[in-house]
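> If you read the sequences in order, they're chains D and U.
Numbering follows our numbering, in which position 268 of the first sequence is assigned residue number 268; successive positions increment by one, without gaps.
Whatever position you read off the second sequence (first residue = 1), add 1000 for our numbering.
If you're looking for bench data, these hints aren't it; they were derived computationally from the structure.
These numbers were taken from a predicted model, which means no experiment stands behind them.
Hints are not guaranteed to be accurate.
[Stated by the list, open to error] Pulled a few chain D residues facing chain U out of the computed Cβ check, cut under 10 Å:
| no. | residue |
| --- | --- |
| 1 | A25 |
| 2 | G27 |
| 3 | L28 |
| 4 | S84 |
| 5 | L85 |
| 6 | E203 |
| 7 | L250 |
| 8 | R251 |
| 9 | L255 |
| 10 | A261 |
[Claimed, not checked] Residues on chain U that point at chain D, a partial pick, calculated with CB under 8 Å:
| no. | residue |
| --- | --- |
| 11 | V1031 |
| 12 | G1033 |
| 13 | T1034 |
| 14 | S1035 |
| 15 | A1040 |
| 16 | T1053 |
| 17 | E1065 |
| 18 | G1067 |
| 19 | A1070 |
| 20 | V1072 |
| 21 | V1073 |
| 22 | R1076 |
| 23 | L1088 |
| 24 | A1095 |
| 25 | G1098 |
| 26 | G1099 |
[What the hints assert, rightly or not] Have a look at the derived ranges for each label pair, beta carbon to beta carbon:
| no. | chain 1 | residue 1 | chain 2 | residue 2 | range |
| --- | --- | --- | --- | --- | --- |
| 27 | U | L1054 | D | K307 | 51 to 59 Å |
| 28 | U | T1118 | D | G145 | 21 to 29 Å |
| 29 | U | A1061 | D | R158 | 12 to 20 Å |
| 30 | U | A1071 | D | P188 | 39 to 47 Å |
Beta carbons: idealized from backbone N, C-alpha and C, even for Gly.
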Amino acid sequence: MKRSAPAVAALAVALTGCAASPPLAEGLSRDALRSIELSATPFYPQEEYQCGPAALATLLRASGVDVAPEGIAPEVFIPGRRGSLQVELIGATRRHGRLPYVLSATADEMVAELAAGRPVLVLQNLGAESLPVWHYAVLIGYDAGRNVAILRTGRTERQEVHWQRFAKTWHRGGRFAFTTLVPGEVPPHAEASRYVEAAAGLESAGEHRSAAAAYDAAITRWPNESRAWLGRGNVAYAEGDRNAAADAYLRAILLAPEDAAARNNLAQLLADAGCADEARNQVDRATRLAEGTGLAPAVAETRATIKSMGKPATGCALGDRAWPD
Amino acid sequence: MRTERFRRACVALVSLSLLSLGMQAPAVAGVIGTSEAIAAAQDDGPRAVVEATLARDDVRAKFVELGVDAAVVESRLAALTESELQTLADQIGEAPAGGDFLAVVGVVFVVLIILELTGVIDIFKKA
Chain D
1 MKRSAPAVAA
11 LAVALTGCAA
21 SPPLAEGLSR
31 DALRSIELSA
41 TPFYPQEEYQ
51 CGPAALATLL
61 RASGVDVAPE
71 GIAPEVFIPG
81 RRGSLQVELI
91 GATRRHGRLP
101 YVLSATADEM
111 VAELAAGRPV
121 LVLQNLGAES
131 LPVWHYAVLI
141 GYDAGRNVAI
151 LRTGRTERQE
161 VHWQRFAKTW
171 HRGGRFAFTT
181 LVPGEVPPHA
191 EASRYVEAAA
201 GLESAGEHRS
211 AAAAYDAAIT
221 RWPNESRAWL
231 GRGNVAYAEG
241 DRNAAADAYL
251 RAILLAPEDA
261 AARNNLAQLL
271 ADAGCADEAR
281 NQVDRATRLA
291 EGTGLAPAVA
301 ETRATIKSMG
311 KPATGCALGD
321 RAWPD
Chain U
1001 MRTERFRRAC
1011 VALVSLSLLS
1021 LGMQAPAVAG
1031 VIGTSEAIAA
1041 AQDDGPRAVV
1051 EATLARDDVR
1061 AKFVELGVDA
1071 AVVESRLAAL
1081 TESELQTLAD
1091 QIGEAPAGGD
1101 FLAVVGVVFV
1111 VLIILELTGV
1121 IDIFKKA
């Protein structure tokens, strides 16, 4: 008798998790394909608990990276959790030179990504909300006429699932989905801030060349996005290209004059290039802008370094640019 | 056997090279990374940046505790942004870890089968 309590609880929770979602055909926008299947997507039957590495290998392989799940497992698997975490799949994607683009929480972007030829990695909760069974699978297509999703999943190379059933497990999994872009590819549906944030992830992972390609693409698409210029400057700086870095930082400041990060980085660049006076001007400005924000400690550090600098032996190596006030 | 050993050697080698790569990665002194700038703007407080180092140490310790090979921990951390590290530090114990892991026994199992048959859950379908 005592034992039935958790069972009843599990049943209750499972049933409340059963929200009704519309058939695929009703949710599709007018210009979306009625059906698609990326049948050339590779398949890696997963080992026990290794759906993360298998699903990620599927995506990376489909975007031209030569990897197998065995190579990815040490990068993402956590033995004590018997699984892989979402952010680590994102991190591993960066290490393989691809840009992980996290999709919005609606199915529209999944459909658009499939149309662009990119399979979608999804997190599903195959269990109930209180008794979760987390699983990664790869969505490779759908058929609106027959109302099914088509997956590479677990040990099944091709699984058709009723669309609402798929949507329900994805919903219970927190609606997490992403695709792997070749840096430089920008999906038509991409949002500037989300794309630039993804490129910034490549930058902080030290993947400078991939980050540069992504920032360049972002700048072409959204020329007024100041953080894309900030990032482009950072990557140029890391690669030792001071002139390109200076131009990019100047553009970032022009677009966002109150951005303390771009000022700080310009000041550091000026100091490195022997432009001591202008470096001091810019770092003072950065200090005022950063006041009370999370960047204050970092800017204070830059300022201390610059203030303690002696007079450089050589002149300013960045030429006669018009530095911002 | 030999191929297995070879494969292990390869994995070790790749991990090593990733490790050395990871050590170069941390931000160049004096320059604020774009992720850092974005995180600071979103958090509007010193928390994100100041606590990033703490988060890194925290996650490193938890990874080792959860059985991640110490040789690859550093390169795994290097691939994450500071706000991702923060998120990890906060929820590494309970964040969804996709892996089909289900630890249930007895009556709960029976209930699961019923739920599965009635189409509420999908645990047993995928294999």
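> Take the hints in turn and mark each one as holding or not.
Hints versus structure:
{"no.": "1", "hint": "A25", "in the structure": "violated, 20 Å"}
{"no.": "2", "hint": "G27", "in the structure": "violated, 20 Å"}
{"no.": "3", "hint": "L28", "in the structure": "violated, 23 Å"}
{"no.": "4", "hint": "S84", "in the structure": "holds, 6 Å"}
{"no.": "5", "hint": "L85", "in the structure": "holds, 6 Å"}
{"no.": "6", "hint": "E203", "in the structure": "holds, 6 Å"}
{"no.": "7", "hint": "L250", "in the structure": "violated, 15 Å"}
{"no.": "8", "hint": "R251", "in the structure": "violated, 14 Å"}
{"no.": "9", "hint": "L255", "in the structure": "violated, 13 Å"}
{"no.": "10", "hint": "A261", "in the structure": "holds, 4 Å"}
{"no.": "11", "hint": "V1031", "in the structure": "holds, 5 Å"}
{"no.": "12", "hint": "G1033", "in the structure": "holds, 5 Å"}
{"no.": "13", "hint": "T1034", "in the structure": "holds, 4 Å"}
{"no.": "14", "hint": "S1035", "in the structure": "holds, 4 Å"}
{"no.": "15", "hint": "A1040", "in the structure": "holds, 3 Å"}
{"no.": "16", "hint": "T1053", "in the structure": "violated, 11 Å"}
{"no.": "17", "hint": "E1065", "in the structure": "holds, 7 Å"}
{"no.": "18", "hint": "G1067", "in the structure": "holds, 3 Å"}
{"no.": "19", "hint": "A1070", "in the structure": "violated, 12 Å"}
{"no.": "20", "hint": "V1072", "in the structure": "holds, 5 Å"}
{"no.": "21", "hint": "V1073", "in the structure": "violated, 11 Å"}
{"no.": "22", "hint": "R1076", "in the structure": "holds, 6 Å"}
{"no.": "23", "hint": "L1088", "in the structure": "holds, 6 Å"}
{"no.": "24", "hint": "A1095", "in the structure": "holds, 6 Å"}
{"no.": "25", "hint": "G1098", "in the structure": "holds, 4 Å"}
{"no.": "26", "hint": "G1099", "in the structure": "holds, 3 Å"}
{"no.": "27", "hint": "L1054(U) - K307(D): 51 to 59 Å", "in the structure": "violated, 28 Å"}
{"no.": "28", "hint": "T1118(U) - G145(D): 21 to 29 Å", "in the structure": "holds, 26 Å"}
{"no.": "29", "hint": "A1061(U) - R158(D): 12 to 20 Å", "in the structure": "violated, 42 Å"}
{"no.": "30", "hint": "A1071(U) - P188(D): 39 to 47 Å", "in the structure": "holds, 42 Å"}
The structure fails to meet hints 1, 2, 3, 7, 8, 9, 16, 19, 21, 27, 29 from the earlier list, while all remaining hints are met.
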